[in-house]
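*Asks:* Chain by chain, the residues run as shown.
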Amino acid sequence: MSGNRRRWIEKKALWGYLLVAPAFLSVCLVVFIPAAKALIMSLQSYDLRYGPESIAFIGMKNFGQIFRDELFWSSFLRTLLMVVVCVSLQFILGFALALLLNRGFYGRGVVRAVSMIPWVVPGVLVGLIWRWMFDGNYGVINDILVKMGILDSYYGFLAQPVSALWSVFVTYIWQGIPFFMLMILAGLQGIPWDVYEAATIDGATGWQRLIYVTIPSIKNSISVSVMLRIIWVANSVDVIFNMTEGGPANATQTLAVYIYQKAKSMNLGYSSALALLLMAALMCVAVPYMVRTFRSETG
Amino acid sequence: MTRQHLGRRVLFYLVLIVFIIVLCFPFYWIFVTSIKPESELYSSVVTYYAHKVSFNAYRELFTSFNFPKYMLNSLVVSVVTTAISLLFSLLAAYSFCRFHYPGRKFLMGLFLCNNMFPTVLLLIPLYSIMRQLNVLYTPTALILAYTTFTLPFSIWLLNGYIKDCPMALEEAALIDGCNRFQAFVRVFLPIMKPCLVATGVYIFMQSWNEYTYASLLTNAESRTITVALKTLIGQLGVQWDMLTAGGIISVLPVCIMFFFAQKRLIEGLTAGAVKG
Chain Z
-3 MSGNRRRWIE
7 KKALWGYLLV
17 APAFLSVCLV
27 VFIPAAKALI
37 MSLQSYDLRY
47 GPESIAFIGM
57 KNFGQIFRDE
67 LFWSSFLRTL
77 LMVVVCVSLQ
87 FILGFALALL
97 LNRGFYGRGV
107 VRAVSMIPWV
117 VPGVLVGLIW
127 RWMFDGNYGV
137 INDILVKMGI
147 LDSYYGFLAQ
157 PVSALWSVFV
167 TYIWQGIPFF
177 MLMILAGLQG
187 IPWDVYEAAT
197 IDGATGWQRL
207 IYVTIPSIKN
217 SISVSVMLRI
227 IWVANSVDVI
237 FNMTEGGPAN
247 ATQTLAVYIY
257 QKAKSMNLGY
267 SSALALLLMA
277 ALMCVAVPYM
287 VRTFRSETG
Chain F
29 MTRQHLGRRV
39 LFYLVLIVFI
49 IVLCFPFYWI
59 FVTSIKPESE
69 LYSSVVTYYA
79 HKVSFNAYRE
89 LFTSFNFPKY
99 MLNSLVVSVV
109 TTAISLLFSL
119 LAAYSFCRFH
129 YPGRKFLMGL
139 FLCNNMFPTV
149 LLLIPLYSIM
159 RQLNVLYTPT
169 ALILAYTTFT
179 LPFSIWLLNG
189 YIKDCPMALE
199 EAALIDGCNR
209 FQAFVRVFLP
219 IMKPCLVATG
229 VYIFMQSWNE
239 YTYASLLTNA
249 ESRTITVALK
259 TLIGQLGVQW
269 DMLTAGGIIS
279 VLPVCIMFFF
289 AQKRLIEGLT
299 AGAVKG
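These protein sequences, in sequence, are chains Z and F.
Anchor point for the first sequence: position 39 equals 35 in the working numbering, and the numbering is continuous, going up by one each time.
Anchor point for the second sequence: position 5 equals 33 in the working numbering, and the numbering is continuous, going up by one each time.
Hints are computed from structural coordinates only; laboratory data are not their basis.
Check before you lean on any hint, since a few could be wrong.
A few chain F residues that face chain Z, going by a derived Cβ cut-off under 8 Å, partial list only [to be verified]:
| hint | residue |
| --- | --- |
| 1 | Trp57 |
| 2 | Phe59 |
| 3 | Thr61 |
| 4 | Tyr129 |
| 5 | Leu140 |
| 6 | Thr166 |
| 7 | Leu202 |
| 8 | Thr259 |
| 9 | Thr298 |
Straight-line distance between alpha carbons at most 30 Å, and here's what the computed DSSO-like set of lysine-lysine pairs gives [unchecked claim]:
| hint | chain 1 | residue 1 | chain 2 | residue 2 |
| --- | --- | --- | --- | --- |
| 10 | F | Lys221 | Z | Lys8 |
| 11 | F | Lys258 | F | Lys80 |
| 12 | F | Lys133 | F | Lys221 |
| 13 | F | Lys133 | F | Lys80 |
| 14 | F | Lys258 | Z | Lys215 |
| 15 | Z | Lys260 | Z | Lys57 |
| 16 | F | Lys191 | F | Lys221 |
| 17 | F | Lys191 | Z | Lys8 |
| 18 | Z | Lys215 | F | Lys80 |
| 19 | F | Lys97 | F | Lys191 |
| 20 | F | Lys97 | Z | Lys215 |
| 21 | F | Lys133 | Z | Lys260 |
| 22 | F | Lys221 | Z | Lys260 |
| 23 | Z | Lys33 | Z | Lys57 |
| 24 | F | Lys80 | Z | Lys143 |
| 25 | F | Lys191 | F | Lys80 |
| 26 | F | Lys133 | Z | Lys8 |
| 27 | F | Lys133 | F | Lys191 |
| 28 | F | Lys133 | Z | Lys33 |
Covered stretches of chain F (chain Z as the covering partner; in silico rule of three or more C-beta atoms under 8 Å from a C-beta of chain Z) [said to hold, decoys possible]:
| hint | stretch |
| --- | --- |
| 29 | 82 to 89 |
| 30 | 113 to 125 |
| 31 | 218 to 227 |
| 32 | 271 to 280 |
Where is the CB? At the ideal position from N, CA and C, for every residue including glycine.
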């Protein structure tokens, strides 16, 4: 390699770095430095209610306290339940909608755009809308259920622990359907038509085509969207907080909401330790996916 | 045979209609709630359309609740965020797609893993960092935060778009005597315009809709629209007519933008999943 060419490549590399620099620096400032700081804070007794002189290094004491904290365990298990119930139902319903929209019919583009509405609405508003619809005195869901004969009289969905949790689940499922629909529909549209034709000629029924042709062909869309959704649901604060604020009696408190409440009450060391545990749990989902994406990007 | 065919078609549309109703009804419901007069809103009979239309809630929002101010706060934050984030991510994506240098893949991975950090993990330290930087409770704090949080995904979106944009055009411009910068501005940018619009809409939507950070990094002065909505609860109980009216107002800008940009945005959103 001649010196001239080498210099040219080095100059090009310099430009490459320069162009990434602004994005990189802002990520450092807003993500990596805070993450490192959270790690340090998790080892401190850091409670702003007691003034700065109370800040001290206490080692793993926060974590020890967490494992004895009943609210941690209940909110952690609730998060697990929520992720399993919500993501699987979002997936099934999103898949069904995608199958419908994959057929040609008049106005499909409009229907697709309209069914994206839950995705466009801010999470705060989603929480508030459903809070209003589930209202125990004037709620439209009560009215519908009574008119259908399912309920005898109005029921305070958000006032009872079990029904409040399921109301939150319903809200999350509603919010998540469009995303799955979108990702799966894109996958469906990438399946070549002759694969179906071949399966039909071989005598496959509709169900068999779905299970042996459709699902294997869109495995990638499915795994990416499931992973993104798991992370998203587990991290979500705005919907729950605006719907029930974690209540009644902590019945809808997920781990993310618990951390948020602790942070708001200025117990920063403890909430940092909790948040690190949440992140560790999410890593179990994310790392395998990222390794794979990274390989396919490089490969 | 034809009867069975017809039956299936009817079933298909029936299921589709049920889906659309379920997905859109809540949206219709807040609209109806927002235009009902209070007497109808809190009556023992639930009405499915407004028998009497009243824009009282909207009027009150704009006159006594200071809503325009919160909208303006949101608008400033979202517009500035969109501009900065779009610029940063365009440069980074351009660098990833058009330059080859050691550490490039590492950097791409770094941006990718950015999304894995839980909101609530960064929230706490960011609060104290923003306070040290003396930008707490100013729009700058939110702009900094939102710019960064939207970067990974915008870079990812733009990466996909740029990969599909043939390099030959820029090379032709270079041969015709443009320098790299001119080729970027005169050839590359005009081709990318629709993709930039789609990415910009995505960034705008994210920053306009964000609540968790805004709730901690703003005060009564710098409050954004999502936080303002939440404060409508609590002061005097829940005022559902005003809340829903505020909801309609807050969601309209992003809805309109989304419908204009949705085709290209959906293409970009789904490209990675299909290829990956």
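*Asks:* All hints are to be evaluated individually against the structure, with a verdict given for each.
*Replies:* Consistency of the hints with the structure:
1. Taken as an interface hint, Trp57 (chain F) checks out: its beta carbon lies about 6 Å from the nearest beta carbon of chain Z, inside 8 Å.
2. With a least beta-carbon distance of about 10 Å to chain Z, the hint placing Phe59 (chain F) at the interface is violated under the 8 Å criterion.
3. Given the 8 Å rule on beta carbons, the hint for Thr61 (chain F) holds: about 7 Å separates it from the nearest Cβ of chain Z.
4. For Tyr129 (chain F), the interface hint holds, the least distance from its beta-carbon to any beta-carbon of chain Z being 4 Å, beneath 8 Å.
5. With a least beta-carbon distance of about 6 Å to chain Z, the hint placing Leu140 (chain F) at the interface is held under the 8 Å criterion.
6. With a cut of 8 Å, the hint placing Thr166 (chain F) at the interface with chain Z is violated, because the nearest CB-to-CB distance is about 15 Å.
7. Because the closest C-beta pair between Leu202 (chain F) and chain Z is about 13 Å apart, greater than 8 Å, the hint is violated.
8. The interface hint given for Thr259 (chain F) is broken, as the beta carbon of that residue sits about 11 Å from the closest beta carbon of chain Z, more than 8 Å.
9. The interface hint given for Thr298 (chain F) is met, as the beta carbon of that residue sits about 3 Å from the closest beta carbon of chain Z, less than 8 Å.
10. With a C-alpha separation of about 25 Å, the suggested pair Lys221 (chain F) and Lys8 (chain Z) falls inside the 30 Å cut-off, and the hint holds.
11. The straight-line distance between the Cα atoms of Lys258 (chain F) and Lys80 (chain F) is roughly 27 Å, inside the 30 Å bound, and the hint therefore holds.
12. Taking the CA atoms of Lys133 (chain F) and Lys221 (chain F), the gap is near 26 Å; set against the 30 Å cutoff, the hint holds.
13. Using a Cα cut-off of 30 Å, the hinted pair Lys133 (chain F) and Lys80 (chain F) is violated, with the two alpha carbons roughly 61 Å apart.
14. With a C-alpha separation of about 40 Å, the suggested pair Lys258 (chain F) and Lys215 (chain Z) falls outside the 30 Å cut-off, and the hint is violated.
15. Between the alpha carbons of Lys260 (chain Z) and Lys57 (chain Z) the distance comes to roughly 21 Å, so the proposed pair stays at or under 30 Å and holds.
16. Distance hint between Lys191 (chain F) and Lys221 (chain F) is fulfilled; the C-alpha atoms sit about 15 Å from each other, no more than 30 Å.
17. For a cut-off of 30 Å, the pair hint linking Lys191 (chain F) to Lys8 (chain Z) stands: about 19 Å separates their Cα positions.
18. Only pairs whose Cα atoms come within 30 Å are accepted, and Lys215 (chain Z) paired with Lys80 (chain F) is rejected, the gap being roughly 51 Å.
19. About 41 Å separates the Cα atoms of Lys97 (chain F) and Lys191 (chain F), which puts this hinted pair outside 30 Å; it is violated.
20. For the proposed pair Lys97 (chain F) and Lys215 (chain Z), the alpha carbon gap of about 47 Å is over 30 Å, so the pair is violated.
21. About 38 Å separates the Cα atoms of Lys133 (chain F) and Lys260 (chain Z), which puts this hinted pair outside 30 Å; it is violated.
22. In summary, the hint linking Lys221 (chain F) to Lys260 (chain Z) is not supported, as the alpha carbons are separated by about 42 Å, beyond the 30 Å threshold.
23. With a C-alpha separation of about 17 Å, the suggested pair Lys33 (chain Z) and Lys57 (chain Z) falls inside the 30 Å cut-off, and the hint holds.
24. Restraint check for Lys80 (chain F) and Lys143 (chain Z): satisfied, since their Cα atoms lie roughly 23 Å apart, inside the 30 Å limit.
25. Proposed proximity of Lys191 (chain F) and Lys80 (chain F) is contradicted: the alpha carbons are some 55 Å apart, above 30 Å.
26. The suggested pairing of Lys133 (chain F) with Lys8 (chain Z) holds, with an alpha-carbon distance near 16 Å, which does not exceed 30 Å.
27. Of the pairs offered as hints, the one joining Lys133 (chain F) and Lys191 (chain F) holds, with about 15 Å between alpha carbons and a cut-off of 30 Å not exceeded.
28. With a C-alpha separation of about 26 Å, the suggested pairing of Lys133 (chain F) with Lys33 (chain Z) holds against the 30 Å cut-off.
29. For the stretch 82 to 89 of chain F, the assignment as covered by chain Z is violated, since 0 residues bring a beta-carbon within under 8 Å of that chain's beta-carbons and 3 are needed.
30. Residues of the stretch 113 to 125 of chain F with a Cβ under 8 Å from some Cβ of chain Z number 8, which satisfies the need for three, so the listed coverage holds.
31. By the rule of at least three residues with a Cβ nearer than 8 Å to a Cβ of chain Z, the coverage given for the stretch 218 to 227 of chain F is violated, with 0 such residues.
32. Using a Cβ-Cβ cut-off of 8 Å, 5 residues of the stretch 271 to 280 of chain F lie near chain Z, which meets the minimum of three, so the contact claim holds.
Consistency with the previously given hints fails for numbers 2, 6, 7, 8, 13, 14, 18, 19, 20, 21, 22, 25, 29, 31, ordered from lowest to highest.
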